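A.B. asks: Here are the chains, one letter per residue:
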Amino acid sequence: MALPAGRPRPEPTPETRHFWDGTKAGELRLQRCQACEKTYFPPRPFCPACGSREVSVFAASGRATLHSYVIHHRKVPGFEPPYAIAVVELEEGPRMMTNIVDCAQTPEALQLNMQLEVAFTPMDDEITLPLFRPAQGGAA
Amino acid sequence: MSIAPGSIAIVGAAESTRIGSVPDMSQIMLHADAALNAMADAGLKPGDIDGVACTGAMMTQQLAHYLGITPKWVDGTSVGGCSFMLHVRHAAAAIHAGYCDTVLITHGESGKSRINATPRPPEPQSLNGQFEAPFGPFGPPTLFPIPVLRYMKTYGVTHEQLAMVAVVQREWAAMNPRAAQRDPITVDDVLNSRMIAYPFRLLQCCLVTDGGGALILTRADRAKDFPQKPAYILGTGESVETNMISQMEDFTSSRAFRVAGPEAFRSAGISHADVDHLMIYDAFAHLPLYGLEDLGFVGRGEAGAFIEARNTAPGGKLPLNTNGGGLSYTHTGMYGMFALQESVRQVRGTAPAQVPDVDISVCHGVGGMFSASGTIILGRERP
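Chains A and B supply the protein sequences, listed in that same order. For the first sequence, this note's numbering begins at 1 and goes up steadily by one. For the second sequence, this note's numbering begins at 1001 and goes up steadily by one.
To be clear, the hints were calculated from the coordinates, so they are not data collected in a lab. No experiment lies behind these values; they were computed from the predicted model shown. Note that beta-carbon positions come from the ideal geometry of N, C-alpha and C, so glycine has one too. Heads up, a few of these hints could be off.
To be verified - If you anchor each label on the Cβ, the simulated ranges turn out as follows: (1) A:R74 with B:H1096: 41 to 49 Å; (2) A:E15 with B:G1315: 50 to 58 Å; (3) B:H1159 with A:T13: 38 to 46 Å; (4) A:K75 with B:P1121: 43 to 51 Å; (5) A:K75 with B:G1301: 46 to 54 Å; (6) B:T1118 with A:C50: 53 to 61 Å; (7) B:P1119 with A:K75: 15 to 23 Å; (8) B:G1349 with A:E37: 52 to 60 Å; (9) B:T1154 with A:R74: 25 to 33 Å; (10) A:K75 with B:P1383: 35 to 43 Å.
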């Protein structure tokens, strides 16, 4: 299933390529500092906590909780209102912006702290977005 | 080494001749119109100005040439709507250091009519373009309120309290003939206005207008030679956090606020009890709450009840956003200049909704979506 056309398309850079290769391969790739063990996002080839360039890439669990959101009520290209623009907190700590799928886009259905899991959703042959859906049981 | 409080003063301050809908002026002319008004306010000509600050790529040189100024100091700091607070801070330092004597800071924005306006597309290779834009934010109303639900859940703040912010500011606007929206509104009116981006409705989002403003700064020892009462700069602060709201370290508090605000109080050598008047940039209804808490006027989670109890309303103990704010007065896109103009008016004693005996005014700005901050503290007397 591909997303409707019109959504702004990310263009990977040398520093973020591993992340977008990961979503295409079905992995949510984060980075961890070898020196201070900080796990961070968005991608960069050094640790924002201590400045070390010794960092590794690893696959996150894909489990997250709903941290906050708005529900946009106006039509914009690529989206059918109302739709939630959400920020989720990954099990590993970092937060990221995303959309919540397989869930009514209402305040009643979208409860803060609800358990979520990543839903890799292709935009096209190159780009797959990490969206999230309510956890299907067995989540942390 | 720091600047002694009151060493530098604002000796000229004015807005563009008209604000709101100004379809007959391009953006650079809004800058110039405000600049000419501020120079008239201070009794100065372009040849008297030797420092220029404004926002925008290559804009200082456009503006200096347009106005016929030969600056020996320029500042193009562009961190969003609080850029002007940072310009004031940087200009004070430059004057103190002897780099220049008389600085003009301008703002002009054709936010509504969009004549020669600055486009702001997210670059698809930027971090915002890769990690926020694909998920459907479309301008500030979809981004700035993202932390609000977390804040409400953490502290039990209610929709009614967030509606009251707009109600109280409309009361101030009703006393201001230049305010765009002056008709009284109720909490029910706010909660029944059109949904924009839940939890915020139309009346909790700022206006979109045209307008400009300008300030002129010089050394305090010259300040009494000008036609208007000087507004002395007592303290200043600035910071930035992140340009991605999803990456704010705490959704219930702004780190940039927590750096800029306390530094301004420290450098001014004042306490909260000394503050007679307060401006907190209100692009959306939650900003005064974050500002009141992050600047330390109230404890964590107390700002909603504080506003609901009318402490910031006309007659309250902490008059806040007395021009009506970005919600009811005007909001060109970078509103911080208008907050500074109101602080100057209150310290001069010339505001439309004048608070009695304002000795000290605190003016706190935000830039981007919680991405930057600047705080300026003005005084009626030189300490």
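A.B. asks: Among all the numbered hints in the text so far, which are the ones the structure does not match?
C.D. replies: As far as the earlier hints go, 4, 5, 6 and 10 are violated by this structure, in ascending order.
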